[in-house]
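Undergrad: The residues making up each chain are set out below.
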Amino acid sequence: MQEAELQDLADDADYAVAIASEKPAPKSITRMDSKKSEPDGAELVYLKDNVTIHPTQYASERISGRLRLTKQGASVFLTWIPYKASPSGADSMFQSSNPNLLDRDRSLYTIRAVPFTDVRSIRRHTPTLGWQYIIVVLSSGLAFPPLYFYNGGVREFLATLKQHVSLIRSADDPNVFLVNDFQDPLQRSLSSLELPRALSIANSASTSVIPAPSGETSARTDDGLSIIQHTGRRQKVNDPARDISIQVLEKFSLVTKFARDTTSQLLREIQSDTFSANDRKNRIPAPLSNNITEPENSITSVSDEIPVAADPHEVEKISLVWGKPRQTPLGAGEWATFLDAEGRILDSTGLRKRIFYGGVEHRLRKEAWKFLLGYYDYDSTFAEREYLASVKKEEYETMKRQWQSITPAQAKRFTKFRERKGLIDKDVVRTDRTVSFYDGDDNPNVRILRDILLTYSFYNFDLGYCQGMSDLLSPILFVMKDEQESFWCFVALMERLGPNFNRDQAGMHSQLFALSKLVELLDSPLHNYFKQNDCLNYFFCFRWVLIQFKRELEYEETMLLWEVLWTHHLSEHLHLYLCVAILKRHRKKIMGEQMDFDTLLKFINELSGHIDLNAALRDAEALFFCAGENGEACIPPGTPPSLPAEDTSLMYSQQDDDEIL
Amino acid sequence: MPARRRTLLKVIILGDSGVGKTSLMNQYVNKKFSNQYKATIGADFLTKEVQFEDRLFTLQIWDTAGQERFQSLGVAFYRGADCCVLVYDVNVAKSFENLNNWREEFLIQASPSDPDNFPFVVLGNKVDVDGGNSRVVSEKKARAWCASKGNIPYFETSAKEGLNVEEAFQVIAKNALKSEEEEEIYLPDTIDVTGGSQQRSSGCEC
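As given, the protein sequences belong to chains A and B, one line each in that order. Once you know that position 308 of the first sequence is 308 in the working numbering, the rest is easy, because the numbers rise by one and skip nothing. All you need for the working numbering is the position in the second sequence, starting with 1, plus 661.
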């Protein structure tokens, strides 16, 4: 873009030069009445307009705002405030299916004075086509959604930032800048010792412009910028989290209304649970009304008392009312009723709903999965599918021949190919070898697994191969028992899950971010517990998300779960609600035993093989209804398995930096 | 943040995919070897009680995913480590060449208080394969690298046959303990306020 031609800042040192030089300051800096003081005494060091978040793939829902860097003493803060929406009804919250989601998104995505001590790294994307953007990754491992610089200027942003915090270019990836906010070597050393907070308070008090009076938790500017005081606990005025919790309360009145409406019908269905469910319904609002009057207390109470904070949703009980009983798998007879004479599936919504609640019989999977994965169109005919299969078979063979024809001499000079093949060879021999389909020496199915993965790495060379892919392919091949069909089904699956495996891990970051938001929404005591125990990165759920619970369930259960998830009935992101559901099932143990990050990770890993899938699915469904629109708003745009907003052909092109040394 | 229990020693095992990290951990802790291990996704750990001079310690051994793409998770898993075990496969040259990357990545992500003296141990695994005939990294080469990085202790192991595994982990535990003790007596007045001490102790370049 024009930015690149302006000045060549290819190397780190150049960033400093660009700013230190006597060139006229770039546009965005001149706009800010140079070095104007913020109302609270914080110094504004950078301002950029038209920095935008893309909550969905729809251009109309993009949120533009103003990015600022402010300096308070030695600390630098990042703030992104969306522009005000055109004035509209503020009470749109209750009007479900109201398209006015933007207001909520605004508060959800707002970044209020995040100190760079909390930032781990900044990844920049400066594609030759399309907008430049940055992804800010916090020390906790969470990442904010990409911030698009519509007017360019990522280099300038980094150059400015570099003047105030230490930015080190990652040795592994030239597009990643590691942030280290400690300017003062003494403070750095003190911090690394993890001495009690008191010491760092003494150290930082002298540099703080506003010594916060005791008793006050934060000072505040007009737009909600809050100054974090070094008392050990951070509290932010206008905390978006609190906005959400208020929305949750509002949502609850809907929830209880929904429960009331449906109870009479359900009473007939579930006789045995009538009384407890009815009773529970009436009690829901009680603990919540406390939250309204004393929101601060609800935050602090968790750590002080061992008795576990009450779960506002009591999912175990509510699910008796909500999560519908699971049904028997869809069989061939019923399947046939969904097809017209030429093989079209007319009521795909009904079919997906049916599969959502019961899965499909195993022998029907080979057919049904091709639709669910998107390899077959629902409105295609028998003849069209037959034609597609023949074309795709040929296409697969062509791609397979590409790597098969690489000679040993060629391979010797083709490091990336050799390494990829080596990695795949290593992984296929340790993928599901206890399943009889893959067991034993020289099993031909293991070789097919290898061939498909290697061919895929040529089909999508930029993404290549990543661990976890073999786990995703294994059940597909097991079901299809056909190399070409398995390949194309895997391709369709990777269209959605590819970002999980991308080098920047953006897909995983956005899912774990969404998960943290969902827990915050659906179980704020548990969220606060995770927050206080440094567990907010949700890395303990990494395996769940990356390979869709494949390692947590029996093989047959995995197939059932996947087909349920692939229906995208209710939500594309039911797996995230499933994560919340399982965490909530164990919340008492997690909080009661005061698990720290390590213990929690171990606990979660050991849940493998002990998850009641059907119960968890019902809980997840109930939670989905509990969260409603607020839940969906927790999930950043393009979060897998949503189809990516951008053109996928560009998505991985910059990422494949494995070889950069 | 509450101080970590003194009796816990945290060890991180790093190295390329398929060099045998999970196998080494299981051989040491459970005295078992299996051909059925799956590629590690995310991270996991096992614990083992060890005894030194009448004191009991819990060794917490972390096994991590070997693919470079997952390194960004390290920030959560490496923190508070007392010792880092770097593993390579003596039959795969690249896995040896990558040791330096793993070491540096660990130091960046774990940011230990005294990176120059942080204890590492290097294991050259799979020495049993093909009776040693497929070996491509010589012991001499490996030892030279270890020496150049501040005399890192080096062991040649076979997780499959249990060769040298116990011995290696004895040293790993001992060094982890040493690091833990040094941390406890590390006083603020020893801090280098010039801040820039970038030069690494080069050790003996033999």
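Keep in mind that the hints were calculated from the coordinates and are not lab data. A portion of the hints provided could be inaccurate.
[Unchecked claim] Just a few of them, taken from the derived set where beta-carbon distance is under 8 angstroms, the chain A residues facing chain B:
#, residue
1, 120
2, 433
3, 434
Glycine included, each C-beta is placed from N, C-alpha and C at the ideal position.
Undergrad: Please list, smallest to largest, the hint numbers that this structure does not respect.
TA: none
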